[in-house]
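A.B. asks: Now for the letters of each chain:
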Amino acid sequence: EVQLVESGGGLVKPGGSLRLSCAGSGFSFSNAWMSWVRQAPGKGLEWVGRFKSKADGGTTDYAAPVRGRFTISRDDSKDTVYLQMNSLKTEDTAVYYCTTGHCDSTSCHWDDAFDVWGQGALVTVSS
Amino acid sequence: QSALSQPPSASGSPGQSVTISCTGTSSDIGGYNYVSWYQQHPGKAPKLMIYEVSKRPSGVPYRFSGSKSGNAASLTVSGLQAEDEADYHCSSYAGSNIVIFGGGTKLTVL
Numbered sequence: 304e305v306q307l308v309e310s311g312g313g314l315v316k317p318g319g320s321l322r323l324s325c326a327g328s329g330f331s332f333s334n335a336w337m338s339w340v341r342q343a344p345g346k347g348l349e350w351v352g353r354f355k356s357k358a359d360g361g362t363t364d365y366a367a368p369v370r371g372r373f374t375i376s377r378d379d380s381k382d383t384v385y386l387q388m389n390s391l392k393t394e395d396t397a398v399y400y401c402t403t404g405h406c407d408s409t410s411c412h413w414d415d416a417f418d419v420w421g422q423g424a425l426v427t428v429s430s
Numbered sequence: 019q020s021a022l023s024q025p026p027s028a029s030g031s032p033g034q035s036v037t038i039s040c041t042g043t044s045s046d047i048g049g050y051n052y053v054s055w056y057q058q059h060p061g062k063a064p065k066l067m068i069y070e071v072s073k074r075p076s077g078v079p080y081r082f083s084g085s086k087s088g089n090a091a092s093l094t095v096s097g098l099q100a101e102d103e104a105d106y107h108c109s110s111y112a113g114s115n116i117v118i119f120g121g122g123t124k125l126t127v128l
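Each protein sequence line maps, in turn, to chains A and B.
If you're matching positions, the first sequence starts at 304 in this note's numbering and goes up one per residue.
If you're matching positions, the second sequence starts at 19 in this note's numbering and goes up one per residue.
Just chain B, same shape as in the assembly (with noise of 0.2 Å):
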């Protein structure tokens, strides 16, 4: 199983909205409603921020939105604010007990 597909960087200013792509195969986004993402901050481990591809944990703000279509997954970060510049990383179920992460994405508020 190869990685997900992410780009590398992503940028925004203060208040505007900022989507990241994640892009996959049939045996892995394509295949599974599986799809969640993670926000990490320098020196610091993930924490979820979405998951099954659009639901929010407790605690995570509105403002974090994910869809799917397809193979391929997005993360939408509406009204960035400062603290949301950091890596994001999606993963997927890939089948037969597997799960895959992408390379991570910097997002960075300008």
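Chain A with its partners taken away, still in its complex shape (with noise of 0.2 Å):
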């Protein structure tokens, strides 16, 4: 069975850091490039950011929201992904997501169709 498992949410202050962890199984891991989406309280998803496959380039890009201040990380021995969020922000509140891409009979859409997802950490920040 595909499954991503998200783990390390929890509540924090503001400034403050947290890390998100995200275990992937039932598939190659190691060839897929990883995203995080979020979803604050009663709100839409929000694109986070993506670390691409090794042999792809391995590069991460984010959103402008986070960029700076969270970073994507992966290990591929552990088929796990990572979400280091630092300088943590009210309005980081959010369920956050780690997916992955839809893989079709001629290819995969790595950053536009998300077919496999985590069940969903969620972050509170707050005083």
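Derived from the structure by calculation, the hints contain no laboratory data.
A hint or two may mislead.
[Unchecked claim] Calculated pairs, DMTMM-like style, for lysine to aspartate or glutamate (alpha carbon to alpha carbon, straight line, at most 20 Å):
# : chain 1 : residue 1 : chain 2 : residue 2
1 : A       : Lys316    : A       : Glu394
2 : B       : Lys86     : A       : Asp415
3 : B       : Lys73     : A       : Asp415
4 : B       : Lys86     : A       : Asp414
5 : A       : Lys355    : A       : Asp414
6 : B       : Lys73     : A       : Asp414
7 : B       : Lys65     : A       : Asp415
8 : A       : Lys355    : A       : Asp382
9 : B       : Lys124    : B       : Asp102
Take the two lone chains, each set in its own frame, and fit them into one complex as the hints suggest.
C.D. replies: Quick look at the structure:
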């Protein structure tokens, strides 16, 4: 079964740090581009950032609101991707999902069609 | 990049069709055929329903269809069923390795 399982959510004070983990199974993790998407309470989805596979360059990209504060990393030996969140703000409060793209018979849509999702990890930033 | 624009709510009776719009710009929806739609039930993770504007992943009912015209995309749900009641989110590739989402539309089956 293809699966993503997040861990590491919790309550943190403004200005603090937190690291989320996401373990994958049932698919070729090392070939996958791994993304993080968040959802503030009662709001829509927001793309946070992505780590390309090492074979495709192993680079990262981030949404403007988190650039410079959040860092995505991966350990392919553990089939795990991480989201390090620093200088947290109250507006970062959200459920954070890790996700990866949809592959059909012709190609994989790493950046435009997220097919496998974790269960979500709640991050609450509050004093 | 600003979020894509979706109506906050939509509704229809069982058996009817309903269309949800998603409006962007020439830098996102209008510039790429990489629009996706997600269904999300309360407390659950999103589920991919449509990708590349109009393609359905395996297992998604034919009742769900997508289209695009200019800077706007649409999701149509035909033959509405009770289980279709959920939030629907659109997304688009926006160039420069960036993805943007809409604010979501709550679909109510009357």
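A.B. asks: Now look at each hint and say whether the structure bears it out.
C.D. replies: Now the hints, each set against the structure:
1. Lys316/A to Glu394/A: holds (12 Å)
2. Lys86/B to Asp415/A: holds (15 Å)
3. Lys73/B to Asp415/A: Satisfied, since the Cα-Cα distance of roughly 12 Å is no more than 20 Å.
4. Lys86/B to Asp414/A: holds (19 Å)
5. Lys355/A to Asp414/A: holds (10 Å)
6. Lys73/B to Asp414/A: Holds - the C-alpha atoms of Asp414/A and Lys73/B are around 15 Å apart, at most 20 Å.
7. Lys65/B to Asp415/A: Given that 20 Å is the threshold and the Cα spacing comes to 13 Å, the pair holds.
8. Lys355/A to Asp382/A: holds (14 Å)
9. Lys124/B to Asp102/B: holds (10 Å)
In terms of the numbered hints stated before, the structure departs from none.
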